[in-house]
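Q: Chain by chain, the residues run as shown.
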Amino acid sequence: MEVKKMKREKGYTRKNFLKGIVIENPLFVSILGTCPALATTKSIEAAIGMGLLFTIVLICSNMLVSLLRKLIPEEIRTPAYIVIIATFVTIVKMFTNAFLSELYSTLGVFISLIVVNCIVLGRAEAYASKNNVFDSLIDALGMGLGYMLALITMAFFRELLGLGGFTFGKIFQFIPLTTLQIIPKGYEIKMFQTPAGAFIVFGLILAVLAFIKNRKAELKANIEKREKIRKAQEAKEAALKAAVNNGGNK
Amino acid sequence: MSQTGYIIIAVSILLALLVTFIVSFVLYRRTPVPKGCEDIKASEEKCSGCSHVECHFYQDKEENK
Amino acid sequence: MNMFIAFLLAIITSMLVDNVVLSRFYGICPFLGVSKKVKSSLGMGVAVVFVIILATVICWPLYNYVLVPAGIPYLDTVAYILVIASLVQLVGLFIKKYSPGLYKTLGIYLPLITTNCAVLGVAQSNTDQGLGFVESLANGLGTSVGFLLIIVVFSCIRVRLESSNTPKAFKGLPIALITAAIMAIAFMGLQGLFVRG
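Protein chains in written order, with my numbering: chain A, 164 to 413; chain Y, 30 to 94; chain D, 1432 to 1628.
To be clear, the hints were calculated from the coordinates, so they are not data collected in a lab.
There's no promise every hint is true.
These stretches of chain Y come out as covered by chain D in the derived footprint (C-beta under 8 Å, 3 or more residues) [stated by the list, open to error]:
1. 32-38
2. 45-51
3. 54-64
Away from chain Y, derived, C-beta distances all over 10 Å, residues of chain A [to be verified]:
4. Lys293
5. Glu351
6. Thr357
7. Arg378
Think of the CB as a built atom: it goes at the ideal place given N, C-alpha and C, for glycine as much as any other residue.
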C-alpha cells in the first residue's frame, strides 16, 4: 500500500490524460491504427465519427479489462481481451447502424476493424491490465481524444485541399447542412481525396513532426555545448585567478 | 428444428471456437521454441513502425527500456 | 470455362485494380512495420496469404450455415475474430512443433496476423457484400496475393531508400509513406483495366 501511494505523484491524472494527446499520440508518435487513419479521413465529419466510435470502444474495453484484471488468469489474457473488444465493437456497430446510419455506411467495414486496431489491444495489455479503473478511464480518454485529434488533423488537410472547403451536416444529419468553400471551385487538388493523397498527407505530417523533433534536439545540444564551453572558460579563469593570487602571496 | 435449437447450436459452436482459441493459445505459449530459433531478438533494422503487443520484437524492446 | 474466367477476373481485380493496401487500406501496420527487409516481408506476406485463404474457407460456411439460420448474423465480427485468432494460433503451434525451418522465417510474424486488418477485413467485406463461396474465395486469394506482391515490392524499394540520400526529417517512415503514395498513383492507372458492370 505504501509503495502505491509513493508512486502516485501530484498531477498524475493530468499527465496521464495529456500523454495520450501529445507525448504518446497513438497515430503520430506510436504509428498505430494507421488503417482507419488513412481510410476514414476524407472529410472532417467522417474523422470525427471514427474517432468517437473508437474512443467509446476504447473507454469501455479499458474499463472492463481494468475491472476484471484480477479475475482473468495471466495465461489467457490476450484471448479474453480480444473477446471483450469484439463484443463492444459489435454493440457500437449496432448502435451506429440504428441511430447514425449515414455514418455507418460511410465508415463501412472500418467499424468492425476497430477490433483489430492495435491501439485498443495495446492499451488493454499495457495499461488497463495493470492499473485501476479510474486511471484506465483517463488513459482511454486521453488516447481516444489524441487519436481523434490526429484523424481530424489529417482530414483537415485532405478535405481542404481535395474539395476546397468543409461540409458539415452530411454525415451527422442533425446538424444543418453548411458548406464552407475556402478554395474556389476548380482550383482544388482532387488527388488529396484519393488513397495517394492520404499517404502523402500522412507522410508530410510525420516529416514535419520529425523536423520539429530534430530541431529541438539540435537546439538542446547547442545549449549544452555552450554551457560546457562556458563552464570550461570559467574554470580556466578561476585557475588563472588562483595562480595570480598565489603569485601575489609569494 | 425450432429457432431455439438453432440458437443453442450456434452459441455452442461459438463457445467451441472460443475454447479452441484459448486452448491453442495456451498450447502455443507453452510449446518450447524450436532449436536454432532462440536467438531471434528485437532489432530496429528488421522492423519499426508497428509496435504490436503480440510481437516479441516489441516485447524485447519494452524489456530493454 | 466462363466461370473460370470470371474467377480469374475477380482475382486480378482484387489483386491489382482494387489493391488491399493501396486502395482499400487494409494491413497498413505490417505494410509499414515489417517491410524493412525483403526476407521478413516475404515471410509476413506468405503467412498472410495462408491465413486469409483458410479464414475465408471457414468463415463463409460459418456465417451462411450457422449464424444466419440461428438468427444471429450480427455476431459475425466476434465469430470471425475467434476463427482467425484460433487459426493463427493453430498454424503457429503446428509450425513451432514440426517445422523449425519454417518457424525461423514465419514464426515471428504469425502472432501479428491476428490483428492484421486484411484478414478480418476480407472476411467482413465478403459478408457485407453478400458474396457467394467461389467469389469469396477469389476475393480472399486476390487480396492476399495482392498484399504479398505489394509488401515485397515495397520492401525492395525501401532497401534502396535506406542507402539513398534523403533529407533528415524524411528519413524512415515519412519517405516510405511518400513512396507508397507514388505506388498508389501508379496502381490508380490500373483502374481502367476492366470496365466493370
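Q: Among all the numbered hints in the text so far, which are the ones the structure does not match?
A: none
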